[in-house]
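The task is simple: from the sequences and hints, build the whole structure.
There are 2 protein chains.
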Amino acid sequence: MKKLINKPEDVVKEELEGMALAYPDIVKVHFDPDFVYRADAPVKGKVAIVSGGGSGHEPMHGGLVGVGMLDAACPGQVFTSPTPDQMLEATKMVDGGAGVLHIVKNYTGDVMNFEMAADMARGEGIQVASILIDDDAAVKDSLYTAGRRGVGTTVLAEKICGGAAEKGYDLQKLADLCRKVNINGRSMGMALTSCTVPMAGKPTFDLPEDEMEIGIGIHGEPGRKRMKLKTADEITEMMALAIIEDPAYTRTVREWDEGKGEWVDVDLADPPFKAGDKVLAFVNSMGGTPAIELPIVYRKLHEICEKKGLKIVRNLMGPIITSLEMQGCSITLLKMDDELIEMWDAPVKTIGMRWGM
Amino acid sequence: MKKLINKPEDVVKEELEGMALAYPDIVKVHFDPDFVYRADAPVKGKVAIVSGGGSGHEPMHGGLVGVGMLDAACPGQVFTSPTPDQMLEATKMVDGGAGVLHIVKNYTGDVMNFEMAADMARGEGIQVASILIDDDAAVKDSLYTAGRRGVGTTVLAEKICGGAAEKGYDLQKLADLCRKVNINGRSMGMALTSCTVPMAGKPTFDLPEDEMEIGIGIHGEPGRKRMKLKTADEITEMMALAIIEDPAYTRTVREWDEGKGEWVDVDLADPPFKAGDKVLAFVNSMGGTPAIELPIVYRKLHEICEKKGLKIVRNLMGPIITSLEMQGCSITLLKMDDELIEMWDAPVKTIGMRWGM
Numbered sequence: 039m040k041k042l043i044n045k046p047e048d049v050v051k052e053e054l055e056g057m058a059l060a061y062p063d064i065v066k067v068h069f070d071p072d073f074v075y076r077a078d079a080p081v082k083g084k085v086a087i088v089s090g091g092g093s094g095h096e097p098m099h100g101g102l103v104g105v106g107m108l109d110a111a112c113p114g115q116v117f118t119s120p121t122p123d124q125m126l127e128a129t130k131m132v133d134g135g136a137g138v139l140h141i142v143k144n145y146t147g148d149v150m151n152f153e154m155a156a157d158m159a160r161g162e163g164i165q166v167a168s169i170l171i172d173d174d175a176a177v178k179d180s181l182y183t184a185g186r187r188g189v190g191t192t193v194l195a196e197k198i199c200g201g202a203a204e205k206g207y208d209l210q211k212l213a214d215l216c217r218k219v220n221i222n223g224r225s226m227g228m229a230l231t232s233c234t235v236p237m238a239g240k241p242t243f244d245l246p247e248d249e250m251e252i253g254i255g256i257h258g259e260p261g262r263k264r265m266k267l268k269t270a271d272e273i274t275e276m277m278a279l280a281i282i283e284d285p286a287y288t289r290t291v292r293e294w295d296e297g298k299g300e301w302v303d304v305d306l307a308d309p310p311f312k313a314g315d316k317v318l319a320f321v322n323s324m325g326g327t328p329a330i331e332l333p334i335v336y337r338k339l340h341e342i343c344e345k346k347g348l349k350i351v352r353n354l355m356g357p358i359i360t361s362l363e364m365q366g367c368s369i370t371l372l373k374m375d376d377e378l379i380e381m382w383d384a385p386v387k388t389i390g391m392r393w394g395m
Numbered sequence: 039m040k041k042l043i044n045k046p047e048d049v050v051k052e053e054l055e056g057m058a059l060a061y062p063d064i065v066k067v068h069f070d071p072d073f074v075y076r077a078d079a080p081v082k083g084k085v086a087i088v089s090g091g092g093s094g095h096e097p098m099h100g101g102l103v104g105v106g107m108l109d110a111a112c113p114g115q116v117f118t119s120p121t122p123d124q125m126l127e128a129t130k131m132v133d134g135g136a137g138v139l140h141i142v143k144n145y146t147g148d149v150m151n152f153e154m155a156a157d158m159a160r161g162e163g164i165q166v167a168s169i170l171i172d173d174d175a176a177v178k179d180s181l182y183t184a185g186r187r188g189v190g191t192t193v194l195a196e197k198i199c200g201g202a203a204e205k206g207y208d209l210q211k212l213a214d215l216c217r218k219v220n221i222n223g224r225s226m227g228m229a230l231t232s233c234t235v236p237m238a239g240k241p242t243f244d245l246p247e248d249e250m251e252i253g254i255g256i257h258g259e260p261g262r263k264r265m266k267l268k269t270a271d272e273i274t275e276m277m278a279l280a281i282i283e284d285p286a287y288t289r290t291v292r293e294w295d296e297g298k299g300e301w302v303d304v305d306l307a308d309p310p311f312k313a314g315d316k317v318l319a320f321v322n323s324m325g326g327t328p329a330i331e332l333p334i335v336y337r338k339l340h341e342i343c344e345k346k347g348l349k350i351v352r353n354l355m356g357p358i359i360t361s362l363e364m365q366g367c368s369i370t371l372l373k374m375d376d377e378l379i380e381m382w383d384a385p386v387k388t389i390g391m392r393w394g395m
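Residue numbers (my numbering), protein chains in the order written: chain A, 39 to 395; chain B, 39 to 395.
Simulated from the structure, these hints should not be mistaken for laboratory data. Heads up, none of these hints are tricks.
With a straight-line Cα cutoff of 30 Å, these simulated DSS-like cross-link-like pairs (lysine-lysine) come out:
1. B/Lys205 <-> A/Lys387
2. A/Lys345 <-> B/Lys66
3. B/Lys268 <-> A/Lys40
4. A/Lys45 <-> B/Lys346
5. B/Lys51 <-> A/Lys268
6. A/Lys40 <-> B/Lys345
7. A/Lys40 <-> B/Lys263
8. B/Lys345 <-> A/Lys66
9. B/Lys266 <-> A/Lys240
10. A/Lys266 <-> B/Lys45
11. A/Lys240 <-> B/Lys40
12. B/Lys178 <-> B/Lys266
13. B/Lys45 <-> A/Lys345
14. B/Lys51 <-> A/Lys266
15. A/Lys66 <-> B/Lys316
16. B/Lys268 <-> A/Lys45
17. B/Lys66 <-> B/Lys51
18. B/Lys178 <-> A/Lys40
19. A/Lys45 <-> B/Lys349
20. A/Lys51 <-> B/Lys345
21. A/Lys387 <-> B/Lys349
22. B/Lys178 <-> B/Lys349
23. A/Lys345 <-> B/Lys40
24. B/Lys316 <-> B/Lys349
25. A/Lys349 <-> B/Lys66
26. A/Lys218 <-> A/Lys130
27. A/Lys45 <-> B/Lys266
28. A/Lys349 <-> B/Lys387
29. B/Lys51 <-> A/Lys349
30. A/Lys51 <-> B/Lys268
31. A/Lys387 <-> B/Lys316
32. B/Lys266 <-> A/Lys51
33. A/Lys178 <-> B/Lys40
34. B/Lys345 <-> A/Lys45
Structure below.
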């Protein structure tokens with residue numbers, strides 16, 4: 039295992055120490071339980087947004103904390119869910135009196151622990167709404183998931199809701215917006231190589247020198263298909279068409295119903311993309327892919343979207359939701375409307391994404 | 039070779055096509071000869087800044103074009119110098135009537151071609167100053183270099199001079215500032231793994247599973263020493279001390295003398311770092327190193343700087359001057375003063391670095 043680390047068990051702790059030293063104007067770090075939070079938290083009267091999940095996907099989530107995005111992020115160990123006490127303490131730290139939105143990627147551990155943390159926070163008098171992100175069109179269920187995995191759309195939801203929270207959205211309106219982003223977004227990833235979790239010390243999976251995996255998860259979970267290596271254009275086409283031609287995806291998710299005071303089942307249906315839609319196109323590096331390759335993928339994606347009548351009105355390109363040193367990429371398309379565009383364009387100042395300030 | 043590319047010979051062209059499609063608000067791309075330039079170029083009355091070099095180091099240089107940084111960048115093929123005609127056409131395109139500064143990394147091909155391009159541009163009535171960056175403290179001479187290689191300080195010079203050009207520095211003052219940045223900066227890199235140039239199709243060098251190379255160049259040029267893999271703390275200490283304890287480095291470089299109307303030899307001496315200095319600390323990923331590992335390096339670098347009496351007043355962390363998918367990192371320290379801090383803080387809007395706008 040070749041990594042710039044000291045002891046494998048210290049990776050997350052030392053990463054957080056480095057972040058605290060490097061970016062004191064943007065974030066503070068709380069240790070034991072571990073979470074990253076806005077340097078100016080709590081922001082009185084603003085709905086706070088908390089997310090989290092296993093580490094190894096940097097800059098998501100700790101690098102997405104700051105003005106205009108997350109108020110706090112709870113990092114688990116690499117590829118391991120954070121614990122309810124991290125989420126609870128983060129929620130209490132950033133609550134500015136207007137409630138807290140939990141943005142939760144659909145992985146069983148994250149879902150369970152965020153639900154527990156939300157219940158505990160409510161027990162302490164904090165209003166909490168929870169919205170699940172389950173945008174990965176690759177597979178119906180996965181290794182750590184009932185239903186689709188939460189991937190690229192998570193980052194877009196964090197940015198868009200972060201912008202809306204700054205503009206004064208109340209908790210209910212912000213939860214509705216977050217749900218809309220999830221419903222409007224779909225993703226697909228692929229890997230050329232595996233990654234190595236520090237504590238494991240060896241690659242998560244084996245992928246022969248002439249093969250790749252389409253539809254892979256961000257922890258190396260099995261995708262749709264292994265196949266011989268193809269060109270960037272062919273790979274982009276496979277992923278983009280799978281996303282664009284994905285039919286309406288209907289399922290039931292659990293959300294907190296503030297009126298009833300209980301968790302309820304909510305039916306969601308993601309509408310398929312159709313000609314005339316405006317979209318945000320997000321080309322993401324899995325971490326180890328060189329920056330020179332992403333525009334090659336974007337170029338083909340742009341061509342496919344044009345052919346399908348989808349107009350790319352905004353984009354994002356880079357290593358934003360990564361899988362350690364995995365080589366590969368993912369594509370996310372998010373159907374945009376005026377509200378989403380306004381919130382996307384709003385100023386943001388985080389370690390990983392920054393504009394307008 | 040596992041890459042998200044089509045034909046190896048089309049990598050740079052297709053990368054540029056993708057950049058043009060994705061970032062029309064920031065850059066335009068000129069093909070044949072190839073260069074990336076500011077969307078609003080030429081900026082009348084402002085000194086323009088042009089850099090360039092082999093591709094494969096993205097976001098440097100094309101991703102560093104925009105308001106507050108470069109006016110144009112000339113990409114060669116991967117790890118190959120751009121040609122004089124690229125540099126000449128870029129220089130003509132962005133000249134706003136106040137002259138053009140060429141920021142040149144010290145590699146023989148780059149130096150020779152930029153000198154030729156500058157001479158041709160002068161022949162067409164454009165005032166051109168050229169400043170060489172040779173900040174790599176690892177080795178005295180290298181594979182493609184007489185003298186030290188130009189690495190991380192290049193990016194810092196581009197940002198600082200870009201800010202100063204926006205503030206109205208004239209060509210002479212800007213060249214002096216750029217020379218000061220070069221004199222004040224020192225770097226050192228290391229690799230855990232090789233990279234693979236697309237046209238070569240196989241790794242540039244072999245590095246056994248338990249070894250690393252300290253002082254490596256950004257094209258995989260030999261460094262100071264190969265050794266058994268060490269911890270992040272040990273690696274950081276080796277590089278940081280090599281930089282901090284590097285003695286005054288004196289050498290002669292060629293610069294254009296506008297008064298004499300000829301290229302002249304200029305003697306430069308980089309002063310060593312000393313306790314009490316303010317520094318900018320730049321922890322750079324070679325491309326394939328996961329984001330989670332950089333703060334671990336930064337944390338140790340911060341500790342070493344403190345011990346040595348160097349105060350980190352600004353920092354930069356991320357994959358900025360990369361070597362394709364190489365795993366590893368480099369450290370750059372730049373001695374700062376009030377002028378450098380002011381220009382570093384100035385607004386910038388490029389693909390790879392952005393703040394204040």
